[in-house]
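Colleague: So the sequences go chain by chain: A and B.
Going by the working numbering, the first residue of the first sequence is number 1, and it counts up by one from there.
Going by the working numbering, the first residue of the second sequence is number 1, and it counts up by one from there.
Hints listed in this document are in silico derivations from the structure and should not be mistaken for laboratory results.
Just so it is clear, the structure is predicted and the values come from calculations on it, not from any experiment.
A couple of the hints might just be wrong.
Said to hold, decoys possible - Calculated pairs, DSS-like style, for lysine-lysine (alpha carbon to alpha carbon, straight line, at most 25 Å):
#1 B:K115 with A:K132
#2 B:K222 with B:K211
#3 A:K231 with B:K275
#4 A:K231 with A:K132
#5 B:K115 with A:K231
#6 B:K274 with A:K132
#7 B:K246 with B:K274
#8 B:K211 with B:K57
#9 A:K233 with B:K116
#10 A:K233 with B:K115
#11 B:K248 with B:K275
Unchecked claim - Pairwise CB distance ranges (calculated):
#12 A:P137 with B:R108: 19 to 25 Å
#13 A:Y178 with B:P37: 32 to 38 Å
#14 B:K71 with A:K139: 24 to 30 Å
Idealized CB from N, CA, C, for every residue including glycine.
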Amino acid sequence: MYRAGTFISEESFVHRLDARLKLAAVVSLSVFIIWAKPLTILFMGGCLFCAVLSAKITLRTLGQAIKPLLFFIVLIFLAHALFSRNDGSFPGISASGMREGFVVTWRFLLLITAALLLTMTTMPAQIIAALKYFLRPLKHLRVPVDDIAVMIMLALRMMPFLLWQKDKIEKAQLARAYDWRRSSLKRRVGAFLSLIIALLLGLFRRADELALAMEARNYARGERSSFVVLKMKPADYRTAFVFAVMLLIFMALNYYLR
Amino acid sequence: MISLNNVHYRYEPEGIAALRGVSLEIKDGEYVALIGPNGCGKTTLIRHLNALLLPDKGSVEINGLDTKIAKHHTEIRSCVGMVFQNPDNQIIGMTVEEDVAFGPENLRLPAAKIKKRVAESLQRAGINDLATRNIENLSGGEKRLVAIAGVLAMNPRYIALDEPTAFLDPAAAARVLETMDNLHRAGVGIIHVTHKMEQAALAERVVVLNKGAVYLDATAAKVFAETKLLQQINLRLPQITQMLLKLKKSGLPVRTDIFDPDEAADYIGQLIKKK
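Model the full structure from these sequences, guided by the hints.
Modeller: Dropping the structure here:
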């Protein structure tokens, strides 16, 4: 089964782009998404979805990746729809609240889509290499950039494990006839605590083994080399230029639109 | 050569001794199976070969390098690769080639050399088609092979594998064993920890551990001829040996040093024809 947000091996224009360019584009786009006016981000959304389709990512796959966040998306929408009233009375549904809810949810969706576009089209090693590239100046301040990169890699690696472990413990609870829908609050809290403890125990055990495995493969803190060579190609420069022009257009739109 | 001299080890100062005076020598390119009941010290022993554990008493030398000297560790860990029991606890990268590159990256090799090593290791492990695959989408058997490729990228002279076929279906287990056999043929020394006697019988030499000490150390034929000694520590014989022993007990003059099913079938077929 496809796991949310992980790299999808495909041959596409977006896949071939330099990871640094994609990372920089996503960061700048994210800032703009937060800052821009509602109508501008509507246009931006269209462009972003075109980029998603050109990366050969189907809307179904995108939906699968967004699905785990559906609860937060609905929560964000409801929070704004119910509590953003200009007349100061709350809670209650109002036209302005609904509008605010849609805009904030749209912004949130675009932020997630931009991040997913990066992670689905770029191998984690390339993202880490790009991060290392941008963090490189910090080496002069003795910031352990290589160690940070390994930490990010391990965090990415642990994420699916955590989800899998949570699933396993929940199934084990179900197998022993625990049904949270029919349980009292006290039992639910107890079951939740035992889930957390089991998760943490599993995580620590795994971290211990992983540390041994890393040691066995000669890992030591400090500088490491990388098999990823980042090199900007003519297509990357052209894309960077087009992206910069589009960003300028969005800025202009943002200035003239209401 | 790997040399263990009177190795003693305890996990806790007051705890039970995991190893009690183990002395062993493993030659370059040798295929050694390490068997024994649960808790006999197999995993503890192989972790000494990679300097992950250091002996409380005695010494472990890998090509003359003492594991107790920290500056030797990089060379020792490049020389003896370690494949852990659970590949999920060993795989660090998110994609196959990313994980295989982890070791050479730690050795600070240049990118071109790392890429070459990754390609070679994937080829040797027979999984070059998986290079860009996401680890999460691999089967258990494929993950074992990725773990082996990750170790091969360090160019080891020996590989210690802790139950490499545990939890695998027969087809995946056969693929892992075939890869190990190919590596052995290519000159890599194999130290194979296993509970499966049929797999141990494939090795050139079988070392039986019991209560942290070497109990038996000989060729598979000689070790599995010691039925009473093996029964005393609750180890069962390979199924083929059990069958041949039963035939012998029933009065048939059969050999009992055959461990390969095909060879056993041919042998029994010939016996039937003679009769």
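Colleague: The structure should be examined with respect to each hint, and the outcome stated for every one.
Modeller: Status of each hint after checking the structure:
At roughly 19 Å between alpha-carbon atoms, B:K115 and A:K132 fall within 25 Å of each other, so this suggested pair holds. The suggested pairing of B:K222 with B:K211 holds, with an alpha-carbon distance near 21 Å, which does not exceed 25 Å. For the hint pairing A:K231 with B:K275, the CA-to-CA distance comes to about 75 Å; that exceeds 25 Å, so the pair is violated. Restraint check for A:K231 and A:K132: satisfied, since their Cα atoms lie roughly 14 Å apart, inside the 25 Å limit.
Between B:K115 and A:K231 the alpha-carbon distance is near 16 Å, which keeps this suggested pair within the 25 Å criterion. As the CA atoms of B:K274 and A:K132 are separated by approximately 73 Å, the hinted pair breaks the 25 Å bound. A hinted pair counts as satisfied when its Cα atoms are at most 25 Å apart, and B:K246 with B:K274 qualifies at roughly 20 Å. Of the supplied pair hints, the one linking B:K211 and B:K57 holds, its CA atoms being roughly 17 Å apart against a limit of 25 Å.
Restraint check for A:K233 and B:K116: satisfied, since their Cα atoms lie roughly 22 Å apart, inside the 25 Å limit. Annotation: proposed proximity of A:K233 to B:K115 holds, straight-line Cα distance about 20 Å (limit 25 Å). This hinted pair checks out: B:K248 and B:K275 have alpha carbons roughly 15 Å apart, not beyond 25 Å. A hinted range of 19 to 25 Å holds for the C-beta pair A:P137 and B:R108, which are about 21 Å apart.
The hinted window of 32 to 38 Å between A:Y178 and B:P37 holds, with their beta carbons roughly 36 Å apart. For the hinted restraint 24 to 30 Å between B:K71 and A:K139, the CB-CB distance of approximately 26 Å keeps it satisfied.
Of the numbered hints given earlier, the model fails hints 3, 6; all others are met.
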